[in-house]
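Participant: Sequence:
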Amino acid sequence: MVAEAPDNSSSEPDSAAGKRGRCPRLLAFTAIALAGLSVVLSGLALLYALGILPPARKTDDLERQLHAYILANPEVILQSVKDLEARRQAAAAGEAAKVVSERRDEIFNDPDAPVGVNPQGDAIVVEFFDYNCPYCRQAAPLLGKLEKADKGIRLVFKEYPILGPGSVFAARAALASRKQGRYLAFHQRMMTYNGRITETSTLEVAADVGIDVERLKTDMQDPAIDAAIKRNIALAEALRIGGTPSFVVGKEVVRGLVDEATMKRLIASARAK
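Using our numbering, read the sequence shown as starting at 1 and increasing by one per residue.
Please note: incorrect hints may appear among the correct ones.
DSS-like cross-link-like pairs, simulated, lysine-lysine; straight-line CA separation at most 30 Å [to be verified]:
no., residue 1, residue 2
1, K145, K251
2, K273, K179
3, K230, K251
Pairwise CB distance ranges, derived in the manner of DEER restraints [as the list claims (entries may be wrong)]:
no., residue 1, residue 2, range
4, R103, L66, 43 to 49 Å
5, A86, T262, 16 to 22 Å
6, M1, A93, 15 to 21 Å
7, P141, G181, 21 to 27 Å
8, R104, R265, 46 to 52 Å
9, L66, A90, 26 to 32 Å
10, G195, Q79, 40 to 46 Å
11, A86, E214, 39 to 45 Å
12, L66, K230, 45 to 51 Å
13, I70, K151, 17 to 23 Å
For the record, the hints were derived by calculation from the structure and aren't laboratory data. Where a beta carbon is used, it is the ideal one built from N, C-alpha and C, also for glycine.
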């Protein structure tokens with residue numbers, strides 16, 4: 001489960017982000033389906049060449065035979081689509097692993113990225129998240145449980161606001177809260193907030209956790225904060241991350257909500273390398 005980024009994501013997404021986020025998936029599926037059909041047609045051409053299918057003397061005959069074959073064997077197209085999608089995912093995973101290798105310090109050791117309660121941990125779990133992402137809120141208790149049970153787990157938080165202006169404002173406020181030493185308190189309260197995150201709710205949460213709101217507003221104007229968010233967005237794009245939550249653990253990039261067993265496996269694998 002993953003909350004998808006809108007098309008042409010920037011540090012200032014608009015309120016139509018959720019609607020636009022569906023378009024890339026539809027276009028991608030259409031492209032894969034067409035590619036699958038192309039594979040099927042190529043296969044049929046081979047069957048004709050081998051004499052397995054009777055030769056078609058006219059274009060109309062060919063179209064009828066193709067139509068009949070597809071109707072009789074719909075699983076051929078479905079399997080082609082699945083195979084193409086599997087190859088696409090494998091290629092994306094390979095590209096992401098290369099980016100992880102080339103940009104390790106930026107991913108795991110960015111001084112501008114907040115960390116969890118174990119800043120010296122040896123097993124690093126990087127999370128790209130959005131405060132308006134329901135799946136990120138579901139992931140938060142698991143991550144908190146893991147870092148409390150294992151003092152060697154270091155969480156690195158990458159603010160990745162892709163779900164609207166409220167998310168951008170919240171991300172900027174979160175990073176600015178570090179100047180008052182209240183990032184973790186703010187982050188944890190935001191992840192348990194019941195409702196849509198807006199400018200108003202963000203400032204309410206800030207006040208609730210003891211942040212000086214007026215100072216926070218001033219600190220949010222620091223250009224370094226917007227620069228950090230833009231770097232996170234660019235890094236996510238390089239890693240082929242298009243939604244939240246997404247994680248980088250060791251050399252693996254995992255997109256979407258994961259269960260405890262999967263996260264423990266990822267951490268153990270990262271430690272073994």
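Participant: Does the Cβ distance between R104 and R265 fall inside 46 to 52 Å?
Facilitator: 21 Å, violated
Participant: Between the beta carbons of L66 and A90, is the distance compatible with 26 to 32 Å?
Facilitator: 29 Å, holds
Participant: Honestly, do M1 and A93 meet the 15 to 21 Å range at C-beta?
Facilitator: 19 Å, holds
Participant: With respect to the beta-carbon atoms only, verify the hint that L66 and K230 lie 45 to 51 Å apart.
Facilitator: 49 Å, holds
Participant: Measuring from beta carbon to beta carbon, are A86 and T262 in 16 to 22 Å?
Facilitator: 19 Å, holds
Participant: Between the beta carbons of I70 and K151, is the distance compatible with 17 to 23 Å?
Facilitator: Since I70 and K151 have Cβ atoms about 58 Å apart, the given range 17 to 23 Å is violated.
Participant: Within a Cα-Cα threshold of 30 Å, do K230 and K251 meet the stated pairing?
Facilitator: Given pair K230, K251 holds - Cα atoms ~23 Å apart, limit 30 Å.
Participant: Decide if the proposed pair is consistent with the structure: K145 and K251, CA atoms, cutoff 30 Å inclusive.
Facilitator: With Cα atoms ~23 Å apart, K145 and K251 stay inside 30 Å; holds.
Participant: Check the hint pairing K273 with K179 against an upper bound of 30 Å on the C-alpha distance.
Facilitator: 35 Å, violated
Participant: Just to be sure I understand the hint, the distance between the Cβ atoms of R103 and L66 should be within 43 to 49 Å; is that true here?
Facilitator: This hint holds: roughly 47 Å between Cβ atoms.
Participant: Between the beta carbons of G195 and Q79, is the distance compatible with 40 to 46 Å?
Facilitator: 44 Å, holds
Participant: Determine whether the Cβ-Cβ distance between A86 and E214 falls within the hinted range of 39 to 45 Å.
Facilitator: 53 Å, violated
The structure fails hints 2, 8, 11 and 13 (numbered hints given earlier, in ascending order).
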